[in-house]
Amino acid sequence: MHQTIIGQANPVAVAFFVLFVISTLVITWWAAKRTRTTKDFYAAGRSITGFQNGLALAGDYMSAASFLGIAGLVSTKGYDGLIYSVGWLVGWPIIMFLISEPLRNLGKYTFADVVAFRLQQRPIRAAAAAGSLVVVLTYLIAQMVGAGTLIKLMFGLPFELAIVVTGALMISYVIFGGMVATTWVQIIKAGLLLGGATILVILTLGKFGWSYAELFKQAASATPLGQKFLEPGGLVTSPVDAFSLGLALMFGTAGLPHILMRFYTVPDAKTARRSVFYATGFIGYFYILTVTIGFGAAVLVGQKVIMGIDAGGNMAGPLLAEALGGNIFLGFLSAVAFATILAVVSGLTLAGASALSHDLYVGVIRRGVANEKEEVKVAKIATVGLGICAILLGILFKGQNVAFLVGLTFAIAASANFPALLMSIMWKKFTTYGAVTSIYTGLIVAVVLLILSPTVWVDIMQKNEVAKVNAQVKEITVAAAAVDTQIADLQKQMVSADAVAKMKKKQKAAAEKKNAGVQASVSAKMQEKDALTAKKKEADAAMPKAIFPLRNPGLFSMAAAFLIGILVSLMNPDKEAQEKFDAEKVREYVGIGAE
Amino acid sequence: MSKLKKEDILNDPDFIKLSSQKNTISIILTILELVLYFGFIYLVAEGKPFLSQKMSPDGAATIGIPIAVGTILLSWVFTGIYIWWANVKYDELVKKVIEKVGG
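First to last, the protein sequences are chains A and B. Just so you know, we're using this note's numbering here: the first sequence kicks off at 1 and counts up by one. Just so you know, we're using this note's numbering here: the second sequence kicks off at 1 and counts up by one.
Think of the hints as simulated: they come from the structure by calculation, not from any bench. Every value quoted in this text rests on a predicted model; they were computed, and no experiment measured them. Hints are supplied without guarantee of correctness; some may be wrong.
What the hints assert, rightly or not - Derived list of chain A stretches under chain B, where covered just means 3 residues or more per stretch with a C-beta under 8 Å from a C-beta of chain B: (1) 85-94; (2) 226-234; (3) 282-289; (4) 385-398; (5) 574-586.
Positions of the beta carbon are idealized from the N, C-alpha and C atoms, including for glycine.
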C-alpha cells in the first residue's frame with residue numbers, strides 16, 4: 001500500500017510556507033516605502049521590465065487550480081486533460097495581437113480608462129466597474145474555496161483558519177505594498193512554481209530513462225483505460241459546447257481585470273508587448289510540465305491512490321512529489337501551492353480595489369476630481385472591504401462545488417469586458433450607449449444562461465433529483481442484468497435441436513415438453529425485461545433537463561454583447577466620440593501622450 | 001525639418017502605413033490562432049480515430065499528443081512572429097512619425 005502523509009499536519013510544508021511568508025512580508029515592507037502615489041499603488045510606478053512582467057502575468061494566470069487541477073485531470077482522464085490545458089493558453093496570443101499595445105497606450109490604471117477614453121466617463125466607468133467586480137468576486141470565491149480545501153489537505157489546517165490566513169496575508173500585501181509588493185510576490189511565486197514543476201518533471205523523466213516514449217508506453221498499461229488513456233475520450237462530446245467554452249477561454253483571458261491591469265506596470269507599449277511574449281512562453285512551458293506530471297503520477301503513484309485521497313485527482317502532483325522526493329519535496333511543493341493561491345488572490349483583490357476606487361469612487365462619485373492621497377486611501381479601504389468579503393464568501397461556500405465559477409468568470413470576462421474593450425479600440429462609431437448596453441448585456445446574458453445551463457440548473461440546483469434518477473437507473477440496470485443472466489441460464493437448460501433429433505420417440509417427447517416449459521419461462525423473463533426497459537426509459541425521461549442546452553454560455557453571451565453594442569451605436573451616432581477617435585488613433589498606434 | 005502638427009499625423013503616409021499594417025498583421029495572426037485552436041478542437045470532436053493513431057507500432061504515444069503540444073508551441077511561435085515584426089517594422093515607423101512631430 002502506498003504510504004502518504006497527505007492530509008496530516010506537515011511541519012516541513014509549514015516551515016517552507018513560513019519562509020515564503022517572511023520573505024514576501026520583507027518585500028512588502030520594502031515596497032511600502034516606495035508606494036506613495038496612485039501610480040505606485042496601481043502600477044508599481046511603471047517600473048517593471050518586460051521579463052519581470054512576463055513572469056508576473058504568468059504568475060497571475062497559473063493558479064493553484066491550474067497546477068493541481070490539470071495534473072489531476074491528466075492523471076485521471078489522460079489525453080482529455082491535455083485538451084483542457086491547450087484551451088487555457090490560446091487566449092494569450094489574442095491579448096498580444098489585439099489588446100496589449102492599445103491598452104497600454106490609451107489607459108492609465110484600469111481597462112475602463114481605455115473604454116472611457118473618448119466616451120462619457122461616468123456611465124462607462126460604472127458599467128466597467130460592475131463587469132470587473134463581478135469577474136473579480138466570482139474568481140475570488142472559486143480561489144478561496146479551493147484554497148481552504150487544498151490547504152486542509154496539504155497542511156492539515158482547518159478550512160476556516162486556512163481562509164482567514166490567506167485573506168489576512170492578501171490584505172497586508174495589497175494595502176501596504178500595493179502593486180509593487182503584489183508584483184514581486186507574483187514573480188517569486190512564478191519562479192518557485194516553474195522551478196518546482198521543472199524539478200518534478202526531471203525526477204519523473206529520470207524514472208523512465210529520460211524518454212517520453214517510455215513514459216507513454218507505461219501510461220498506456222497503468223490504468224484501467226489502457227491505450228484509451230492516450231486517446232481523446234468523452235471530454236468533447238458536443239462540438240458546439242466545446243466551441244462555446246473555447247471562445248470563453250480565449251477571449252475571457254483578454255477580459256480579466258487583474259491581467260489587464262498588469263499592462264500598466266511597464267513603461268511603454270513595446271515592453272507591454274514583449275511581456276506577453278514571455279508570459280505565453282512561461283505559461284505554455286508550465287502546461288507542458290503539468291501534463292507530464294499528470295501522466296507520471298498515473299504511472300508512478302497510480303490512479304487508485306490518487307483518487308482515494310481526492311476524487312478529483314487534485315493531489316496527483318503532490319503525491320508524485322512525495323513518491324520521488326520524499327517529505328521535503330512534498331513540503332516544498334505544498335508551500336508553493338499555498339503561495340500560488342496567495343499571489344493570485346492578491347492580484348485579484350488589487351484589481352477589484354482599483355475598480356472600486358479609480359473607476360467607481362473617483363470616476364463616478366467624484367466625477368474625476370480627487371487628489372492622489374484620497375484615491376490611494378479609498379483603494380486601501382476597498383482592499384480591506386474586498387478582503388473581508390472574500391473571507392466571508394469563502395467560508396459561506398465551504399463544501400460547495402465551485403468549479404463552475406471559473407467557467408462563469410471567463411464567460412463574463414469574455415462577454416462583458418472584452419467586446420466593449422475591443423470595440424472602443426477598433427471601431428470609430430462606437431458610442432457611450434453602445435458600450436454601456438454591451439457591457440450589461442454581456443454580464444446579464446452570461447450569468448442568466450449559466451444559471452439555466454446543465455452546469456447549474458441540473459447539476460447543482462437539482463442535485464438530489466439527478467442523484468435519485470441515477471440511483472433508479474442503476475437499480476433498473478442491475479435488475480435487467482440479473483434477468484439477462486436468468487435468461488441465459490434457462491437457455492442453457494434447453495435440449496439442443498440436434499440432440500432432440502437423435503433421440504428415441506419417448507425421450508424426444510419428454511425433451512420437447514421440457515423445452516416448451518423452459519421456453520415459456522424464457523418468454524416470461526423476456527416480458528419482465530421489456531418491462532424493465534420501459535421503466536428505464538421512463539426514469540431517463542424524469543431526468544431534470546436544463547433550459548439552456550450548453551454548459552458554457554460564452555458563444556451566446558459574447559455574440560449578444562457585440563450585437564447590442566453595434567446596434568445601439570448605429571442607432572444613436574455620437575459625432576463627438578467619432579471626432580475624438582482621431583486623437584485616440586494617434587495615441588493608440590504611436591503612443592504620443594501615453595501615460 | 002518641417003514639423004507636422006498632431007492633427008496632420010492622421011494624413012501622414014507613414015502613419016497610414018503604420019496603422020494599416022498593424023491592423024493587417026494583428027487580424028491575420030488572430031485568425032491564424034483561431035483556426036489553430038478551433039481546428040484542434042474540431043479534430044478532437046470529429047477526428048478521434050485520426051488522433052488515436054499510434055506514432056510507432058511498438059510504442060503507445062498517439063499522434064494526438066504532439067498535435068496538442070504543437071498547438072501550444074505554435075501559439076507561442078505566433079507571438080514571436082508578431083514581436084519580430086513589431087520590433088523590425090512597426091517600431092521603425094513609429095520612430096519616423098514621432099520624429100516628424102518633433103517628439
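Out of the numbered hints, which ones does the structure contradict?
Hint check: 4 fails alone, others pass.
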